[in-house]
Amino acid sequence: MGERMGLTPERMIPDYTRAAFLRRAAGSAIAVSSGGVLLAACGSDSKGGTGGVATAPKGTPPTKPTGVARLAMLGPVATLDPARKGDYQSYYTTEAAYDGLTNWSQDPTRLAAGLATSWQSNADATEWTFTLRDGVTFHDGEPLTSESVKKSMEHYLRGKGSYMGAYVGTFSSIDASDPKKVVIRYKDPFPDLARNMPWLGIISAKALTGSPDQIAKRLDARSAGAGAFVITRSPDGGTVTGDAFGAYWGAGPYLQQLVFRAVPVKSAQVSALRSNDLQWIPQVVPQTLSSLQGAFNTSGQVGWLQYMVNFACDLAPTDNAQVRQAISYAIDREAILKAVLQGQGEVANSFMPPGCYGSQTTNPRYDFDAARAKSMISRLGSLPTVQISYDPNSDLDTQIAQVMAQQVSEAGLKTIAHAINSAEAGNEYDPSKKRLFGMSLQQFGWINGGPFFFAPGGAYNLATLCRYRNQAFDALMVRANAVADSPQRLDALHVMQDFFAREAVVLPLFNLLATDVFSRDLQGYVTAKDGFGPRFNGMYYAKGA
Amino acid sequence: MRTFVTFIGSRLLQGVLVVLGAVIFGYLLINGAGDPVAGLATRQLTAAQRAALIHQYGYDIPLVPRFFHYFGGLLRGDFGQSFHSEDSAIGLVMHALPQTGLLVGVAIAVALAVAVPVSIFSVLRRNSRWDTGVRQTLVVMQGIPDFWFALLLVLIFSVQLALLPSIANGTPEAIILPAAALSLPLMATLVRIYRGEMLEVLGADFVAALRARGLGNRDIVVRHAAPNALPALITFVAVQLGWLLGGTLVVETIFGWEGIGSLAITAVQNTDLPVLEALIIVVAIVYVAISLLADLLLFALDPRIRVPSA
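Chains A and B, in that order, give the protein sequences.
Per this note's numbering, the first sequence starts with residue 1, numbered consecutively.
Per this note's numbering, the second sequence starts with residue 1, numbered consecutively.
Which residues of chain B face chain A? A few of them, derived with a C-beta cut under 7 Å, are: (1) L92; (2) V154; (3) V159; (4) P165; (5) S166; (6) T253.
Far from chain B, by Cβ distances over 10 Å, these chain A residues were calculated: (7) K64; (8) W249; (9) E334; (10) K374; (11) P487; (12) D521; (13) R535.
By construction, these hints were calculated from the structure, which means they are not laboratory data.
Note that CB positions come from ideal geometry on N, CA and C, so glycine has one too.
Please model the entire structure based on the sequences and the hints provided.
Okay, here's the thing in structure tokens:
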């Protein structure tokens, strides 16, 4: 899901000095393809370049929404329908317009109230009850009722082209008889519903009437949520405009308008930020970040985006747990973090990033130990070559995979990096087919702050992805997902992860730092803890800006 | 005598054949290889769901029958739906086309507005230091790609001087930098061609006769050489216009200009086959139309075209 959301880190921009630029500009007709570097190195932000966060003018939010902020999108937005948000820009534009029953707080271990003021489940998480907030109005003027929630959940599960069915789960019934209370029932336990809710923005019941095509067309063009901004989309999706919603139930918004512009090229985003044509750009790569920190505000979080290596447990030699362990010892994650990611993140010492429900750091770990790796590999005798697959569209993935291949080869096990194509990727995700590559480098987002990738039967279940078949582990996984949040559930999750770690089925690599950069005049913005969804409700222009 | 009807008829027939070729080869190239579902499906789909999607979009039909089905749709005006957004593919292209048309139109107008007087002046001042300087500058300008110009213009006028926007922001001045980036290299080529053509005309017998009658150099160049060199310039501009329509990819991407170049890049990234197919067809049609217009203009301007060859 993380990759589908377009969360692949952007292209690196190499260094380029002012002197080299002047020499070239003086007379040569040699093409320069690193113009973005030019802008990064020679921009107007030399003042105050201490490398720290810029000191922006302080202020308090205005009493009424004021000002327009122009924000970069990585590409055009396909749809404003929150059920079909299949890329990163669709996600964060719809986030501006749709609020869920629950929300993320900056304390990642706790959910915050959203359109529901309270929620609870029964002991085995087969029944969930949400109490709705009073006084909430949708963008079309309709009030929030249990019927809106019911229709929204049905839209997410069965709506035309919906991607979000897995987050709602296959409920057996929804009781909306009380307009202020919703009861959702499942045949099988569904303990993560509340933490999936931030992804499931509630839609006005009126907007969900009609045929699926009519609903899709309606939601494509204009939002029908209860969020802080009413969003509309240009015909080709290259511009999305959000106007402040006067009847918003929560704090803010403090900006009168958001204008999202599709600027796919990172160097163009940076130059637009410098020329003040944009006031916010997302997910800036480390190499560019250092040149921007002096003159712009930055906000970063080590969130829930994680790089990991998935081993193939049905393919020699990685079907052998000792081989997997040896490879894990051979990989120097600190060195890769420093050299490739420029320190923008931290080494992952748990399967689930810190703050996720069930995360623990006391699993067996495979800290870099080249000597141990060599010794283990030499004892295993002659082994076939291992291939590590990676996404060639990402420069960072390419570099990380190549470095890891080199490190493992140096430990005595020949390993080569392989750029995966879409057909091969389809094979790797098809549990009925044998894996093609012994190792797979991937970036996963633990999107609901819980054991998303340990949900039995899920499309991205890690054990299934690795073709890891172990009855004891499967039983643990079922147990960990058969009860509501509780000490019992936590215990089951921890035991399950210990098991997984001992078997070295997956090697967590890094938890990534997601850094957004924005104008010094803007205040009140904080990168979301999950690392995915920027929220602009609290953003405002400092007085005097 | 070659009649107007015969002339137009032959050009139209050629145009139809060109567009037909674009439809066929475009479809075969795009659909003949690779995973057709790559743009439709995410990895979340199971094998069964993937198969259902392939069936829904007709990719389980062999290529040739599938093409005829697609061609039938084209004749009814149905270019299919974008895989990415489910908008009509032709709708997306027709929304983007005027944006590119505006950008290219402005770029060519600016290029011509500068190139024509510079060429005339260069011919009038032939072999002077000014003329030498112009020609040397042209060599440099021709070698610099438009995307490099684009980034340089952004650096100077947006970042350093804060005079002009660096991306398309809906204001009229947003067109200045991308149009300049496109027109600067083009300007150099136009000057070279027009200047060369005028010099060739100046070597013709009738020019000698004009000089013999006492006509001054300025009159000869402006009133005789320049108009006689126009057909070559028009032909070249028509070719460039068509090339630019398809060649604005990089400039549009740098400036966030929502034209067919940006649309093409997005379609490639999303493996949005219907949009790619629609783009190829529309660009082919526009190119043929522009060529036909240029031919008409030449027919009107150059009487030699109307006279049958011996």
